[in-house]
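Protein chains: 2
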Amino acid sequence: MANLKELEKIVGVDNVYLDKAHLIAYSYDATRSSFKPDAVVFPRDEKDVSEVLKFCNRNRVPIVPRGAGSGFTGGALPSEGGIVLAFEKHMNRILEIDMENMVAIVQPGVINMDLQKEVESKGLFYPPDPASENYSTIGGNVSENAGGMRATKYGITKDFVMALRAVLPNGEVIRAGKRTIKDVAGYNVVGTLVGSEGTLAVITEVTLKLLSKPKLSKTAMGIFPDVESAMRSVFKTMASGVTPVAMEFLDALTIRAVEEKYKIGLPKNAGGILVTDVDGDLEINLEKDLELIEAKFRENGAFDFKIAKDEAEAKDIWFARRNASQAISIYGSKKINEDVTVPRSKLPETLKKFGEVGEKYGIQIPCFGHSGDGNIHTNVMVDGKDPKAVEIGYKAIEEIFQITVDMGGTLSGEHGIGLAKAPYMKMAFTDAEMELFRSMKKAFDPNNILNPNKMGL
Amino acid sequence: MANLKELEKIVGVDNVYLDKAHLIAYSYDATRSSFKPDAVVFPRDEKDVSEVLKFCNRNRVPIVPRGAGSGFTGGALPSEGGIVLAFEKHMNRILEIDMENMVAIVQPGVINMDLQKEVESKGLFYPPDPASENYSTIGGNVSENAGGMRATKYGITKDFVMALRAVLPNGEVIRAGKRTIKDVAGYNVVGTLVGSEGTLAVITEVTLKLLSKPKLSKTAMGIFPDVESAMRSVFKTMASGVTPVAMEFLDALTIRAVEEKYKIGLPKNAGGILVTDVDGDLEINLEKDLELIEAKFRENGAFDFKIAKDEAEAKDIWFARRNASQAISIYGSKKINEDVTVPRSKLPETLKKFGEVGEKYGIQIPCFGHSGDGNIHTNVMVDGKDPKAVEIGYKAIEEIFQITVDMGGTLSGEHGIGLAKAPYMKMAFTDAEMELFRSMKKAFDPNNILNPNKMGL
Numbered sequence: 001m002a003n004l005k006e007l008e009k010i011v012g013v014d015n016v017y018l019d020k021a022h023l024i025a026y027s028y029d030a031t032r033s034s035f036k037p038d039a040v041v042f043p044r045d046e047k048d049v050s051e052v053l054k055f056c057n058r059n060r061v062p063i064v065p066r067g068a069g070s071g072f073t074g075g076a077l078p079s080e081g082g083i084v085l086a087f088e089k090h091m092n093r094i095l096e097i098d099m100e101n102m103v104a105i106v107q108p109g110v111i112n113m114d115l116q117k118e119v120e121s122k123g124l125f126y127p128p129d130p131a132s133e134n135y136s137t138i139g140g141n142v143s144e145n146a147g148g149m150r151a152t153k154y155g156i157t158k159d160f161v162m163a164l165r166a167v168l169p170n171g172e173v174i175r176a177g178k179r180t181i182k183d184v185a186g187y188n189v190v191g192t193l194v195g196s197e198g199t200l201a202v203i204t205e206v207t208l209k210l211l212s213k214p215k216l217s218k219t220a221m222g223i224f225p226d227v228e229s230a231m232r233s234v235f236k237t238m239a240s241g242v243t244p245v246a247m248e249f250l251d252a253l254t255i256r257a258v259e260e261k262y263k264i265g266l267p268k269n270a271g272g273i274l275v276t277d278v279d280g281d282l283e284i285n286l287e288k289d290l291e292l293i294e295a296k297f298r299e300n301g302a303f304d305f306k307i308a309k310d311e312a313e314a315k316d317i318w319f320a321r322r323n324a325s326q327a328i329s330i331y332g333s334k335k336i337n338e339d340v341t342v343p344r345s346k347l348p349e350t351l352k353k354f355g356e357v358g359e360k361y362g363i364q365i366p367c368f369g370h371s372g373d374g375n376i377h378t379n380v381m382v383d384g385k386d387p388k389a390v391e392i393g394y395k396a397i398e399e400i401f402q403i404t405v406d407m408g409g410t411l412s413g414e415h416g417i418g419l420a421k422a423p424y425m426k427m428a429f430t431d432a433e434m435e436l437f438r439s440m441k442k443a444f445d446p447n448n449i450l451n452p453n454k455m456g457l
Numbered sequence: 458m459a460n461l462k463e464l465e466k467i468v469g470v471d472n473v474y475l476d477k478a479h480l481i482a483y484s485y486d487a488t489r490s491s492f493k494p495d496a497v498v499f500p501r502d503e504k505d506v507s508e509v510l511k512f513c514n515r516n517r518v519p520i521v522p523r524g525a526g527s528g529f530t531g532g533a534l535p536s537e538g539g540i541v542l543a544f545e546k547h548m549n550r551i552l553e554i555d556m557e558n559m560v561a562i563v564q565p566g567v568i569n570m571d572l573q574k575e576v577e578s579k580g581l582f583y584p585p586d587p588a589s590e591n592y593s594t595i596g597g598n599v600s601e602n603a604g605g606m607r608a609t610k611y612g613i614t615k616d617f618v619m620a621l622r623a624v625l626p627n628g629e630v631i632r633a634g635k636r637t638i639k640d641v642a643g644y645n646v647v648g649t650l651v652g653s654e655g656t657l658a659v660i661t662e663v664t665l666k667l668l669s670k671p672k673l674s675k676t677a678m679g680i681f682p683d684v685e686s687a688m689r690s691v692f693k694t695m696a697s698g699v700t701p702v703a704m705e706f707l708d709a710l711t712i713r714a715v716e717e718k719y720k721i722g723l724p725k726n727a728g729g730i731l732v733t734d735v736d737g738d739l740e741i742n743l744e745k746d747l748e749l750i751e752a753k754f755r756e757n758g759a760f761d762f763k764i765a766k767d768e769a770e771a772k773d774i775w776f777a778r779r780n781a782s783q784a785i786s787i788y789g790s791k792k793i794n795e796d797v798t799v800p801r802s803k804l805p806e807t808l809k810k811f812g813e814v815g816e817k818y819g820i821q822i823p824c825f826g827h828s829g830d831g832n833i834h835t836n837v838m839v840d841g842k843d844p845k846a847v848e849i850g851y852k853a854i855e856e857i858f859q860i861t862v863d864m865g866g867t868l869s870g871e872h873g874i875g876l877a878k879a880p881y882m883k884m885a886f887t888d889a890e891m892e893l894f895r896s897m898k899k900a901f902d903p904n905n906i907l908n909p910n911k912m913g914l
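Protein chains in written order, with this note's numbering: chain W, 1 to 457; chain G, 458 to 914.
No lab work stands behind these hints, which were simulated from the structure alone. Treat the hints with care, since some could be wrong.
[To be verified] Computed list of lysine-lysine pairs in DSSO-like fashion (alpha-carbon distance at most 27 Å, straight line):
{"id": "1", "chain 1": "W", "residue 1": "Lys236", "chain 2": "G", "residue 2": "Lys610"}
{"id": "2", "chain 1": "G", "residue 1": "Lys610", "chain 2": "W", "residue 2": "Lys117"}
{"id": "3", "chain 1": "W", "residue 1": "Lys215", "chain 2": "G", "residue 2": "Lys693"}
{"id": "4", "chain 1": "W", "residue 1": "Lys442", "chain 2": "G", "residue 2": "Lys899"}
{"id": "5", "chain 1": "W", "residue 1": "Lys288", "chain 2": "G", "residue 2": "Lys693"}
{"id": "6", "chain 1": "G", "residue 1": "Lys511", "chain 2": "W", "residue 2": "Lys426"}
{"id": "7", "chain 1": "G", "residue 1": "Lys610", "chain 2": "W", "residue 2": "Lys215"}
{"id": "8", "chain 1": "G", "residue 1": "Lys666", "chain 2": "W", "residue 2": "Lys153"}
{"id": "9", "chain 1": "G", "residue 1": "Lys672", "chain 2": "G", "residue 2": "Lys579"}
{"id": "10", "chain 1": "W", "residue 1": "Lys122", "chain 2": "G", "residue 2": "Lys493"}
{"id": "11", "chain 1": "W", "residue 1": "Lys288", "chain 2": "G", "residue 2": "Lys579"}
{"id": "12", "chain 1": "G", "residue 1": "Lys579", "chain 2": "W", "residue 2": "Lys153"}
{"id": "13", "chain 1": "G", "residue 1": "Lys672", "chain 2": "W", "residue 2": "Lys213"}
{"id": "14", "chain 1": "G", "residue 1": "Lys610", "chain 2": "G", "residue 2": "Lys772"}
{"id": "15", "chain 1": "G", "residue 1": "Lys725", "chain 2": "W", "residue 2": "Lys213"}
{"id": "16", "chain 1": "W", "residue 1": "Lys117", "chain 2": "G", "residue 2": "Lys693"}
[Unchecked claim] Partial selection, computed: residues in chain W whose CB lies under 7 Å from chain G:
{"id": "17", "residue": "Gly301"}
{"id": "18", "residue": "Gly362"}
{"id": "19", "residue": "Thr410"}
{"id": "20", "residue": "Met440"}
{"id": "21", "residue": "Ala443"}
For glycine and all other residues, C-beta sits at the position ideal for the given N, C-alpha and C.
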C-alpha cells in the first residue's frame with residue numbers, strides 16, 4: 001500500500017485521520033457491519049477531491065465517498081480498506097439559492113433537512129424527504145437516489161437533480177447538466193450518476209430543482225379490516241385521479257406493535273391503516289382530494305376515516321407511522337429490513353404472499369411504508385442471538401425478494417444495493433445486464449478504485 | 458461489406474429493402490441532409506432486432522435506428538452507410554394501457570399523438586408533446602429526450618420513462634427499470650439510454666408513466682412593448698409560485714412575419730408576445746393562476762392581457778405560435794434553426810445579445826419558443842442560394858452558441874446533437890467530458906456499429 005501520510009500534503013494534516021480510534025469511528029454505517037479504513041480524508045474543496053483521487057488512482061488505493069454514513073446497505077463502508085472520503089467537515093455548504101430560476105446549488109455534505117429549512121424560509125420547497133432527512137446528506141441522497149414519504153406526488157431525488165459537478169476516478173473534473181429543465185447535449189451523465197452508489201464518480205456539487213412551497217396541507221387516516229382492503233384502496237385511489245403527497249401504510253403486526261409500545265389508542269380490530277397527506281394552495285382542493293380519497297377508501301373496505309382538524313391531530317396521526325420502525329422491535333432483537341417495491345396493483349397479492357412466508361417459517365414480518373409508490377419496508381424480525389433464527393430470517397428474505405421479482409418489482413426502492421443486497425442481484429438481473437453494469441463501471445473507473453466491490457459488480 | 462441479402466433470412470424478404478429507390482427514401486430526415494443506406498430493415502419483433510444487431514456486430518456493419526425520420530439534427534441518418542433499422546412497419550403497437558398503475562407499454566414505432574389520443578380516451582394523460590407529435594415516434598422521442606410545449610409544468614420525455622427493453626449492439630436483450638416510481642437496484646440504465654440518440658442500444662419497448670387528464674384548461678396571451686419585458690415576465694411569473702402548462706414566446710420579428718403572412722390582427726406595436734396555458738380540475742384554480750400571471754405580466758410591462766373565452770378563441774391565440782415556424786420564411790429561403798436553452802433568468806440578456814448578432818451580420822434572427830423552460834428556437838434566416846449568406850449564417854450560429862454557453866445554457870434543449878451540432882460540442886464540453894462520453898459509448902458498443910459518428914464522438 002502507498003504511504004498514506006502523503007495525503008496530509010494534499011489536504012493538510014488536520015484533514016487526515018490515520019489513528020485507530022478515528023478509523024474505527026468511520027468503519028460503520030446503519031447496517032451494523034464494520035470495515036476499518038486505512039485513512040479518513042476530509043477534502044476542503046473539489047481540487048482536494050481531484051488530488052486525492054489522482055493519488056488513489058496512481059497507487060491503486062480503494063476510496064469510498066461518505067456522507068452521513070446513514071445508509072442501510074453498506075454503500076459507504078470501506079469493505080476493501082483504503083480511504084474514506086468524508087464530506088461532513090468542509091464540503092457542507094449551501095452555495096446558492098437561485099430564486100429566479102428556482103434552483104439550489106449545494107455541496108455534497110449538506111444535510112437534507114438543512115436544505116429543506118433554508119429553501120422553505122424563502123417560500124420554496126425541496127420535496128425528497130428520506131426518513132434519514134435529519135442527518136443524511138444530499139451527496140448520499142443523490143448517490144442512493146433517495147426517496148421518502150412525499151415521492152408519491154413529487155417523485156424522488158433523481159427528479160430534482162438538474163446538474164452535477166463530479167470528479168472521475170482519474171482526477172478529472174466534469175460537469176453534467178445545466179440550470180435548465182431541458183438539456184439534451186451529450187449523454188445524460190446526471191441520470192447515470194444518480195443512484196450509482198458512489199461507484200462511478202465523486203460528486204462535488206449538486207444543482208437541485210426547487211418548487212413553490214404549497215400553502216396548505218392536510219392529513220387523514222383510513223382504518224381497514226385487513227391488509228388486502230388497504231392495499232386495494234391504495235391503487236384504486238391513486239388511479240382515480242387524485243395525487244396525494246403521501247400514502248403510507250401500516251399492517252396489522254405494525255399496528256399491534258405501535259399500540260403495545262405507545263398506547264395511542266389505535267383500533268384493536270384494525271388490519272391495516274393508511275395515512276395520507278394532501279397539499280395545495282386552496283382549501284377547496286384539499287377538501288375535494290380528501291373527499292375522493294375517503295370515497296375510494298370506503299368503497300374498498302375502510303370502516304373508519306379521520307381527517308386531522310389541526311396540526312396537533314395531524315402529528316398524532318403520523319405518530320404511528322413515524323414510530324413504526326422502533327415499535328416493531330418487540331418482535332425480535334434483529335431486524336432484517338428491506339425496501340422492496342412492486343407495481344401498486346400488485347400490493348394486495350404481494351403482501352399476502354409475504355404473510356405466507358412469515359407463517360411458513362413461524363416468524364413475524366411486520367410491513368409498513370410508502371404504499372403510494374408500491375414501496376414496502378418488510379421487516380423480518382428474529383432473535384439476533386440465535387444463529388438458527390437468523391439463518392431462517394435470511395431464507396425468508398430470499399423468498400421475499402423472489403416474490404417481489406416475480407411481481408415485476410425491484411429489490412430496492414430507496415436503499416440501494418451496496419454490500420447488503422449484492423448477493424441477490426442475480427435474482428433480479430440477467431448475466432447480460434450484470435455484464436453491462438460492469439462495462440459501465442469500467443468506463444468510469446478502469447482501475448476499480450472507487451467504492452469497489454459494491455452492487456454485486 | 459457483408460452480404461446484406463443475408464438479412465432477408467433474418468427478417469423475411471418483405472422486410473428488407475435493397476433497391477435504390479427505397480434506399481433514397483430512407484436517406485433523409487428533417488435536416489435536408491442525405492446519406493444513402495445500404496439496406497433498410499423492418500424488424501418484426503425484438504428477436505429480429507437482436508439477430509440483425511448480431512449480424513451487424515459480426516460483420517462490422519453500421520446500423521442506425523429510425524423512427525419517423527423527423528429529427529432536426531440528423532440523428533437517424535446513416536452517415537456511415539450500413540443499415541437503417543425502421544420501426545414504422547411492425548413494431549408500432551401500443552401493447553398495454555395499465556389503468557391500475559397508470560402506465561403505458563409501447564413499441565418504439567408508436568406515434569406520439571396516437572398514444573396521447575389512446576390514453577386520453579381513458580381519462581389518462583401523456584404530457585410530452587414535441588411539435589412533431591403528429592408523426593414522431595416514442596422511440597425517437599426517448600432517443601432524443603423530446604420536450605414540447607407542456608414541459609414547463611410537466612417535464613420532458615425522461616420524466617415519463619419508467620422502464621425500457623433494449624438490445625445491446627452485441628445482440629443481448631436487456632431490461633432496465635420497472636413499472637414502479639422507485640427502482641434503485643443497479644445502475645440507472647433508463648436514465649443513461651434516454652437522450653442517447655440511438656448510439657448505445659436499440660430500444661424495443663418503452664414503459665411510460667401516465668397522469669390523470671386535467672379536466673379543464675385555459676389559454677391567455679400577454680402583449681409586451683419589447684422582448685426584454687416579455688422575457689423578464691417569464692421568470693418573474695415562474696418564480697411567483699404559479700406553474701403554467703405552457704409559457705410560449707414570440708419576438709417582434711416573428712410577430713411581424715405572422716401578421717404579414719396570415720393577417721390575424723396582432724398589434725403592430727407588439728415587441729413580444731407570451732402565450733400561456735393553465736390547467737387543473739377546478740375552475741377556481743385556473744382563475745387564480747391566470748390572475749397571478751396577469752399581475753406578473755403587467756407588473757413587468759405587458760400593455761395587454763387577453764384570456765380566451767372558449768376553445769375557438771384559445772385556438773386563435775395559439776395560431777400565431779403554431780404557425781411561427783412557417784411564417785418566418787419571409788426572411789430568407791434557408792433557416793438555420795437551433796434550440797438553445799438558458800436558465801430562465803438569463804432570457805432577457807440572451808435575447809438582447811442574439812439581436813446584436815443579427816445586427817452585426819445584417820441578418821434577421823426571429824426567435825420564438827418554449828420560454829417557460831428557457832428553450833428558444835433561434836432561426837438564422839438567410840438566402841439559401843447565396844453561399845456567402847449561408848456562410849455568414851453559420852458564423853452567426855457559432856456566436857449564438859457561444860452566448861448560450863456563456864449564459865450557462867446548453868446547445869440543445871430538445872433536438873439533440875446528431876450530425877448537425879457535432880462541430881459545436883467542443884464549445885460546450887471539455888476534453889475530459891468528451892472522453893467520458895467516448896468511454897460510455899465504448900462500454901455499450903465496443904465495435905462502434907450503432908449509429909456511429911454522431912454527437913461528435
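Task: Hints violated by the structure (listed by number, smallest first) - done: 5, 10, 15, 17 and 18
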